[in-house]
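Quick note, the sequences are listed as chains R and U, same order.
Following my numbering, the numbering of the first sequence begins with 1 at its first residue and continues without gaps.
Following my numbering, the numbering of the second sequence begins with 1001 at its first residue and continues without gaps.
Errors might be hidden in some of the hints.
As the list claims (entries may be wrong) - Subject to a maximum C-alpha distance of 25 Å in a straight line, what follows is the list of computed DSS-like cross-link-like pairs (lysine-lysine):
id: 1; chain 1: R; residue 1: LYS85; chain 2: U; residue 2: LYS1469
id: 2; chain 1: U; residue 1: LYS1090; chain 2: R; residue 2: LYS21
id: 3; chain 1: U; residue 1: LYS1340; chain 2: R; residue 2: LYS85
id: 4; chain 1: U; residue 1: LYS1469; chain 2: U; residue 2: LYS1291
id: 5; chain 1: U; residue 1: LYS1269; chain 2: R; residue 2: LYS21
Since the hints were derived computationally from the structure, they do not count as laboratory data.
As the structure is a computational prediction, the values presented were derived from the model and not from experiment.
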Amino acid sequence: MKIDLNNLSRLANLELTEDEKELLPGQMEKIIDWVGQLSTLQIDGEEKFISVDFNLRLDEDLPRESLPQSEVLSMAPEAEGDYIKVPRVLTEK
Amino acid sequence: MKLIELGLTEAVELVKKGELKAKQIVDDYISHIESEDPKIQAYLNCAFDRASSRALEIDNKKEKGRLAGAIIAVKDNIVTRGLKTTCGSKILEHFVPPYDAAVVERLEAEDAIIIGKTNLDEFAMGSSTENSAFFTTRNPWDLERVPGGSSGGSAAAVAALEAMAALGSETGGSVRQPAAFCGVVGLKPTYGRVSRYGLVAFASSLDQIGPITRSVEDCALITSVIAGFDPRDSTSARFPVPDYFSDLGEFSEKIRIGLLTESSLKGVKQEIAENYHRVQALMAELGFETKSLDLPSWQVALPCYYVIAPSEASSNLARYDGVRYGFRAEARDLSDMYVKTRTQGFGSEVKRRILLGTFALSSGYYDAYYAKASRARQVITGELQAAFELVDFILTPTTPEAAFKVGEKRDPISMYLQDYFTVTANLSGIPGISIPSGLTAAGLPVGLQILSRPFEESKLFKFAFKLEKSFDFQNNRYRINTSGRRKNEK
């Protein structure tokens, strides 16, 4: 099956290297054809798998201690004051 | 006997009795790793200073924990406070986590010693460690071959006596397959049995942490320590944890074994099939009732897995955008920064899986792929449940072949086929263990997989323990080459 790799990479926020542009389309198409075996299954009436249900329950919605702000900020590539800093969001065209 | 050859349970007993110092053990491991690991390359980062000071603390304690002096390697997608955790990826190359994973906390609370972080396929995506952004780990049994993956560093470290035991993680067989390739024991516990707090997420409906050990006994002991409810992992199960170690012993009840039909073994290398036939014969000798199982949905388990796992991965890996942690690429604006960071930070297999997942979830394809795969997953799970009404365990080869050569598998699908026997346990949440069941003519280990009902790890260990004794694999264990040791012993 043909896929639109440009659109997929845009959705995934990825660019491909020259090597990947060469190799990936063929590989992806092969993989998608291979997983396409699933379409031969007559299972449309089956339930969808939701989750492994082993006595799971929802957590109570209570405030809990989290990491100190300074530690969280120290992981960021760039921080200033109480904030994580990122490159400008809007640029002039 | 060298201390590195001492089994985990024996070593812990001696340390607890005060007959052996944890510091002596650590020193012996450090010198062995320094001489051996340049060949094996199991470790991404060693934590010798942390291990040495922990050992001194433990030696000074009056009351010592259940794993006192146990030397443990940890897969590098399990976070360790103050110790780099890279996931085998450039995008986390310099990431130092501010907290410990639940499993690390639990091990250290019982006085285990973390000796280092082991290599893996980037973000646990692969079956050979060849997808690590840093280097490929070598199989201690044959350095030209892969150790399996993605927990290949952990399995190789245990096999090469560079750790007493290790933690790995599984999404589709990443503990059991490398355990089989390296001739060691590997467990994927029931989904929910072990807290994943601090395990870097790959596919959250499948991920689970499991131990890799030299023996079933060691595996039972470590599982007893790391298992149990943790409110920080919302999928963590609230069932009590039995003492798996003390529970090892004879069965009082009748045990029924499920075996695969011959047609399920097509595509399996001949030596692996022969090994499986010997196991079948052994079941009769040991007096177990056997039943041949027809599991038709196994045929689609791999395609099902390769839709679900990449779909979840594409969502989980969206967090690596250069904002909060990890690598950030230079860029002119925010959206350019996202793209450049991810493009430069992720390797090809990770990109391939993100794109596959993006495809399977994208509008127009969702029903044909993701929805179809979720239905198939339900069918596979139902089929296994039905099988476990008839039998207590299902036996399969762990892998379709023994360890392959580095660089041998260029085609992604041929690599994905490695997971043929293992993915069903992840898709359905049941536990599975791989134990060494023999050697090929070329002297490579072969693994036997045992699957059981959810939360029946106790029974699973008991059975694996019995088989382990019948295989007597211990005598075949990889013998370390100590030729390089002298220069480190000054």
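Flag every earlier hint the structure violates by its number, smallest first.
1 and 5
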